[in-house]
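J.: Residues per chain, in single letters:
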Amino acid sequence: MQPDLIDRYARLDSPVHALAAGPKLCAALALVLLVALWPGAPWRLLGAVAALLAALAALSRMPPRFLLRRLLIAAPFALGVAALALLQPDGLRIFLLLLAKSTLCLAAMILLTATTPFTDLLEALRRARVPPVFVTTLALLYRYLFVLRDEAGRMRRARWSRSFSATRAHRWRVLATVAGQLFIRSTGRAERIYAAMSARGWEVK
Amino acid sequence: MHIPDGFLDAKTALATGVLAVAGLGLALRRVRQSFPPQRIPLLGLAAAFIFAAQLLNFPVAGGTSGHLLGGALAAVLLGPAAAVVAMSAVLVLQCLLFSDGGVTALGANLFNMAVVAPVVAWAVFRPLERIAGRGGAVALAAWLSTVIAALVCAGELAWSGRVAWHLVLPAMGGVHALIGLGEALITTLILGAIAAARPELLEATAPAHRRDLIGLGLLVALGLVVLVAPFACPWPDGLERVAARLGFEQHTAQLLKAPLADYAVPGLPWEKLGTVISGVIGTLAVFVAAWAVVRMIGKKAHNV
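Order-wise, the sequence lines are chains A and B. Counting in our numbering, the first sequence runs without a single skipped number right up to 212 at its last residue. Counting in our numbering, the second sequence runs without a single skipped number right up to 855 at its last residue.
Derived by calculation from the structure, the hints in this document are not laboratory data. Using N, Cα and C, we set each Cβ at its ideal position, and we do this for glycine too. Incorrect hints may appear among the rest.
Stretch by stretch, here's where chain A covers chain B in the computed footprint (C-beta under 8 Å, at least three residues) [as the list claims (entries may be wrong)]:
1. 587-601
2. 632-642
3. 687-701
4. 717-728
Dumping the calculated SDA-like pairs for lysine to any residue here, alpha-carbon to alpha-carbon at most 20 Å [unchecked claim]:
5. K562(B) to A37(A)
6. K562(B) to E754(B)
7. K562(B) to Y201(A)
8. K562(B) to A683(B)
9. K562(B) to W45(A)
10. K562(B) to W179(A)
11. K562(B) to L773(B)
12. K562(B) to L40(A)
13. K562(B) to L44(A)
14. K562(B) to A48(A)
15. K562(B) to P46(A)
16. K562(B) to V572(B)
17. K562(B) to L41(A)
18. K562(B) to A573(B)
19. K562(B) to L36(A)
20. K562(B) to T184(A)
21. K562(B) to R199(A)
22. K562(B) to A715(B)
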C-alpha cells in the first residue's frame, strides 16, 4: 500500500492518459457492468473484453508488471469466495466464470485509475452531481490518507523503540493507544484544515 | 468482506444499489442539517482515520489475522449519519483506487459495511450504553455489527445464485463471528484510549439524534428482510431488537421453504415476492414496536 502504487503512472503521456476523466470513467463503468452482469457464461464476450483491455494496456505504456501487481493484490477475496463455488454441483465452471469476470472487471478499473489522476475523477464526480459534502469528504480522505498512515507508523515506531513488550495483551493495548491517539490528532488536524479552508473562502454548499 | 465484480447478478446489484444510495442520501441529508460546517472536514479526516485503522491487522485465533471493519468505531465517534458518510467515502475510495471491492458490487459493499454495520452498531450501542456502560455496549455493538454485515453479505452472494446459502452462511458467519471478537476488543480498546486521553471528544462527537436512526434503521431492516429473509436462517442469537427483527424473519422463512436453492430461477417468483412484501410490512410493525420498547427502556434508565 505505497502511495506510489496508486498513481505513480497517472500522469504519463499516452492516448489513454489523454482521454478526459468523465468519459473514461463512464466507459470503464459500462465495460464493468457489461462483464459483471451479463447473464450465463458469455465466454466470447469475456475473450473480446480481455483483448480490448490488453490492447488498451499496451497503448497506455504502463509497465505490465505494475498492472499485474495491482491485480494480484486484489485477488485473494475473489479466490476465497470463488473457491466456495467449487463445492457445489457444476462448481468448476462457476469457479472459472467468477474468476474470469472478476479479473476482467478488476483490470478495467485498474487501467482507469492508474491512467487518471484521482483529482480528475473527483472533478468528474462533482460534475455528475454527487453531493458536494461527499466529494469534499472523498477529497480530504484521499489527501490525508497517507499522511495519517505515516503518522501512525511514526507513533508505533516511537512506542516500540521505548518499550519492550512480550505479551500479546500489551501488544493489543499499544495498537489501540496508537489508534486512539491517531483519532485525537485527526480531530486536531481537521480543525486546522477547517481554519485553512475557511481562510481560502470555502463554504458548505 | 469486500465483494468483487462478477459475484452479484443484476437484480442483487440493482437492489443493493438502491438501498445504498437511499442510505447514503439519508445520511448526507442528516449531516447537512445537523452537522456544523466546522465539523465537515472531520468527516474526511475520520474517514482517513478509519482507512488507516483498517490497515492495523490483529491476530485472530488459529494463526489467521483479521482487520478492523470500523463500522462501530465510526458510529460511536461520529454518530450514525456521519458514520455512514465517512464509511461510504472509505469504501468508494477503496473501490475506485485500490480495486478493493467491485464496481457493480459497490452498492452491496456500501450497504453492508457503510450502512448496516454503523447503523446496527449505533442501534445496539445507544440504548445499551446507559444500562451496560460504554465498554460492554461498544463490544457487543462491534461484534453484532460485524456479524450482521457478514450475514447480509452472505445473503447477497446466495441471492445472486453464485454460491449456495448453506455453503456461504457458515463460511461468512463463522469467520466473522471470530473476526467480530477482534473487532469488539480493538474497538473497545481504541475508545478506551480516546476516553482516557480526551473524554470530551466522545461527548462532543456523539450527539443523540433519534431522528438519525429512524430512516436509516428502517432501511437496514428492509435490507435484512429482502436480502436475508428469503433464506432459512437458523439464527442462534436472541439479543436486542435487531434480533427481534431476525426472529421475525425466521418466521417468514418458514412460510417460504423455498426454491431458491435452484440457481436457475430467473427473476423473482411471485410466491417469493409475496413473502418479501409480507416481510417488509412485518418489519415495519416490529420496528415500530421495538422502537417504543427501546424508548421506554431508555426513559426508565434515564430517570434512574
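J.: Hint by hint, say whether it matches the structure.
T.: Each hint tested on the structure:
Evaluation of the coverage hint for the region 587-601 of chain B: fulfilled, as 13 residues show C-beta separations to chain A shorter than 8 Å, against a requirement of three. Note: the region 632-642 of chain B has 5 residues with beta-carbon separation from chain A under 8 Å; the three-residue rule is met and the coverage holds. Coverage of the region 687-701 of chain B by chain A is violated. Counting CB-CB distances below 8 Å, 0 residues qualify, and the rule asks for three or more. With a cut-off of 8 Å between beta carbons, the region 717-728 of chain B has 3 residues touching chain A; three or more are needed, and the interface restraint holds.
The hinted pair formed by K562(B) and A37(A) meets the criterion: a straight-line CA distance of about 17 Å does not exceed 20 Å. Proximity of K562(B) to E754(B) is assessed by CA-CA distance (about 42 Å); at most 20 Å being required, the pair is judged violated. For the suggested pair K562(B) and Y201(A), the alpha carbons sit about 42 Å apart, so the restraint of at most 20 Å is broken. Under the criterion of a C-alpha separation no larger than 20 Å, the hint pairing K562(B) with A683(B) is inconsistent with the structure, at around 41 Å.
With a C-alpha separation of about 12 Å, the suggested pair K562(B) and W45(A) falls inside the 20 Å cut-off, and the hint holds. Only pairs whose Cα atoms come within 20 Å are accepted, and K562(B) paired with W179(A) is rejected, the gap being roughly 42 Å. For the proposed pair K562(B) and L773(B), the alpha carbon gap of about 16 Å is at most 20 Å, so the pair holds. Taken as a hint, the K562(B) and L40(A) pair is honoured in the structure, with Cα atoms around 12 Å apart against an allowance of 20 Å.
With a C-alpha separation of about 9 Å, the suggested pairing of K562(B) with L44(A) holds against the 20 Å cut-off. Annotation: proposed proximity of K562(B) to A48(A) holds, straight-line Cα distance about 17 Å (limit 20 Å). Distance hint between K562(B) and P46(A) is fulfilled; the C-alpha atoms sit about 11 Å from each other, no more than 20 Å. At roughly 15 Å between alpha-carbon atoms, K562(B) and V572(B) fall within 20 Å of each other, so this suggested pair holds.
Of the pairs offered as hints, the one joining K562(B) and L41(A) holds, with about 14 Å between alpha carbons and a cut-off of 20 Å not exceeded. Between K562(B) and A573(B) the CA atoms are separated by roughly 17 Å; this keeps the pair inside 20 Å, and the hint holds. With a CA separation close to 17 Å, the supplied pair K562(B) and L36(A) stays within the 20 Å bound. Distance restraint check for K562(B) and T184(A): the Cα-Cα separation of roughly 44 Å exceeds the 20 Å cut-off, and the hinted pair is therefore not satisfied.
Between K562(B) and R199(A) the CA atoms are separated by roughly 45 Å; this puts the pair beyond 20 Å, and the hint is violated. Proposed proximity of K562(B) and A715(B) is supported: the alpha carbons are some 17 Å apart, at most 20 Å.
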